[in-house]
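*Asks:* Chains as they are written, first to last, in the numbering used here: chain A, 2 to 433; chain B, 2 to 261.
Note that these hints are calculated values from the structure, not bench results.
In this text the structure is predicted, and so the values were computed from the model without any measurement.
You may find that some hints are simply not true.
[Claimed, not checked] As a list, the in silico SDA-like pairs of lysine to any residue whose alpha-carbon atoms are at most 25 Å apart: (1) K139/B with R93/A; (2) K7/B with K45/A; (3) K139/B with D408/A; (4) K139/B with K45/A; (5) K139/B with P327/A; (6) K139/B with R417/A; (7) K139/B with E90/A; (8) K139/B with V40/A; (9) K7/B with S428/A; (10) K429/A with I377/A; (11) K310/A with R165/A; (12) K7/B with P96/A; (13) K139/B with L202/A; (14) K45/A with R417/A; (15) K139/B with R24/A; (16) K7/B with R24/A; (17) K139/B with C279/A; (18) K139/B with I377/A; (19) K139/B with L32/A; (20) K139/B with L18/A; (21) K139/B with T88/A; (22) K7/B with K429/A; (23) K139/B with G15/A; (24) K310/A with D195/A; (25) K45/A with V26/A; (26) K7/B with K139/B; (27) K139/B with R165/A; (28) K139/B with K429/A; (29) K139/B with S87/A; (30) K139/B with V26/A.
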Amino acid sequence: MTVTEAPVRRKAPGPALRTEVRRGVGPWTGLCTALTLGVTMAAKADQWQGDWIETQSLLHTGATLLACPLAAAAACWQGARDHRRSTDELWRSTPRARWQRMAVAALPLALWAVAGYVVALAGSSAATWPYAGGGGPLLSLVVVDAAALAAMALLGFAVGVLCRWRLAAPVLAVLMYLLLGVPNYSETSTQYLDPAVQYVLWDRLPVWWFAPAMAAWTGGLAVAALTAVAARRRLAALVPLAVAAAVAPLIVSTGDGMFRDDPAAHRIACTEGSPQICLSGHQEHLLPQVTEALSGLTGRLEGLPGAPKRYVDRPPAQHADEARMPTPNVGWYLLRGRLQHKEDFAWQVARQLLDRDCPVHEAGSRSWNRVTGTDIAVAGWLIGSHTAQMTYVPDSPELRRLEAMPDAGRRAWLGRYMSARNSCDASKVPVL
Amino acid sequence: MNSTVKVSGLTVRHRRRTALDSVDLDFGPGVHGLLGPNGAGKTSLIRVLSTAAAPDAGRIELLGSDVGAASDHRARAEVRRRLGYLPQEFGHYAGFTVREFVAYVAWLKEMDSTRAAAAVERAVDRVGLADRIDSRMKTLSGGMVRRVGIAQAIVNEPELLLLDEPTAGLDPEQRVEFRALMRDLGEHATVILSTHLVEDVVTACEGVTLIEAGRVAYRGTTRELAALGKDGGQDERAGSPIERGYTTALRSHRATAGAR
């Protein structure tokens, strides 16, 4: 027998991992993930471009409901590779631990899925950034989405190792879609265990431990599943499972409490001068556009007694000199950072301005009909544009009378009217 | 003989069928042929020797270590680092290049990473695929894939090389080169070659073991088997001396087994 030196054990998976990363379904998974998210985002660009929260919310939805099932299916296909390629027998004759071989085969899928997500995130961020007026995506949500994608890839791989059925991958994708999507309709706090749940982030921020807890939950489950199918000592799966089991009660018991108030969203930023136009800190960069959109309305009210001194995009705190205006949301009033539907915006402000919020029993009375007609006519006159008036106040004799008044008389009448703009006493509203 | 492979009482069952029935065998360095009809148990023996399958009973000692029992995990891992195996059905990853695939197997064999790249090139060169080393596996012909199978088996310069039908799909020229390679490898390692092509055994092997119905039907050198063919009284048109010897040994074993 020839005695040869025993080969040095090679621990580093470098070349094998590099090969697995470059070959097979890994790169396709990354490409499909990026394309799926990219096409989804592009198709709904009007609804998110220019707003970080909307951008990340839609990306979160796409990543968890579309890309996660996709990654799971691709990894399932990869997991079943040794069955399809009949390599099991040869691999059993090699000393490398089964879990190492499987980790090297599964990790590229997780990495590629995350890479596809990161590409989509980078593209979406680049598309939003020029119009968002500063800020950026929430790192914690990026971590949660990336962890979910990686976890679904590892879970899918484990399913592929166990299930030799050729249709396992597409069936798993459908099941994963349902498994991730259905909890969104739940009202209980257990829904927060679902990484695909839609978070309300408009004026809230995740707490610091949100991302680590969610990553431990999804990652723990996935690593437990992979360990159970790949490790020689299957009981080792209990360790990651214990990690997942430890954080799950924390997530469920905290529920909505995983999100705290966002100071920037609650901060009010106002223009200088009078009247003030105020938006949340997130939308401070929109103040010039909103001010310009309301310039006609504020100009017509300038100097009138009872006219608001502040326009705020949240319920006024019962101040007579405040008026509420709609939030310039992406998807309707905002398109790539530009305020659009300005006449509608002004119309909504005018209607809110003259909102009387009176008891229902007054409605329908003759005197109240007069007040309503007067309010609509004044709102129409305030928005100024004839085109807009034709849209919102198409046939109003009150408006014609208001327009026909001499300027001085109209200002006098408007002064009396504005003093009673929120009054529920019809007798206090001057006749037009 | 300095045995690198020793099996005793080796029994392998596939469901209710007994593939190997209490077989005792030993092999030392050199090239050994495993001959036998289809279903005789050659592949079962090779699979068990490769440690890819566990025996139902018996003792297996490879390269000085017992590896048959489930508890022999560490010894089995140590032997596997010094072992090369080409299964009858050679599975591979079609998207890998030849270099990547052989390097992947080198990683699975826990080879020293500093020597692996050179070992891969040498193994691929030895099977005559140096010019296709960066070709994807899916672009290779059946014979070339088989040669990649041999390359992956020898990449770690194994002390024990187990080849199951290695020449299937090779053209005559490649087969000649393969036999030369086997003779070369057999100078330092124990090579066990399972085949039903007696020409491979004649030209490449020193010893021959004939398996029939899960039992050892004959053991000897190729010369002895060929001599058995010459002495067997068969018509020379029935085949080469070794083929006649193969038939004679098989019939003799069947007659003995039938008498028992």
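*Asks:* With the threshold set at 25 Å, check whether the alpha-carbon distance from K139/B to R165/A stays at or below it.
*Replies:* 22 Å, holds
*Asks:* Between K139/B and L202/A, does the CA-CA distance stay at or below 25 Å?
*Replies:* 50 Å, violated
*Asks:* Is K139/B within 25 Å of L18/A, Cα to Cα?
*Replies:* Distance of about 20 Å is within 25 Å: holds.
*Asks:* Assess, step by step, whether the Cα of K7/B is no farther than 25 Å from the Cα of P96/A, and give holds or violated.
*Replies:* Roughly 20 Å between the alpha carbons, so the hint for K7/B and P96/A holds.
*Asks:* Taking only the CA atoms, is the gap from K139/B to K429/A under or equal to 25 Å?
*Replies:* With Cα atoms ~89 Å apart, K139/B and K429/A exceed 25 Å; violated.
*Asks:* Can you confirm whether the C-alpha distance between K139/B and R417/A stays at or below 25 Å?
*Replies:* Given pair K139/B, R417/A is violated - Cα atoms ~87 Å apart, limit 25 Å.
*Asks:* CA of K139/B to CA of K45/A, is that 25 Å or under?
*Replies:* 41 Å, violated
*Asks:* Are the Cα atoms of K139/B and C279/A separated by 25 Å or less?
*Replies:* 65 Å, violated
*Asks:* CA of K139/B to CA of E90/A, is that 25 Å or under?
*Replies:* 20 Å, holds
*Asks:* K139/B and P327/A: Cα distance at most 25 Å?
*Replies:* Roughly 62 Å separates the two Cα atoms, so the pair is violated.
*Asks:* Hinted pair, alpha-carbon criterion (25 Å max): K7/B, K139/B. Please report holds or violated.
*Replies:* Measuring from Cα to Cα gives roughly 38 Å; hence the hint is violated.
*Asks:* Straight-line Cα separation of K139/B and V40/A no greater than 25 Å?
*Replies:* 32 Å, violated
The structure shown violates the earlier hints numbered 2, 3, 4, 5, 6, 8, 9, 11, 13, 14, 16, 17, 18, 22, 24, 25, 26 and 28.
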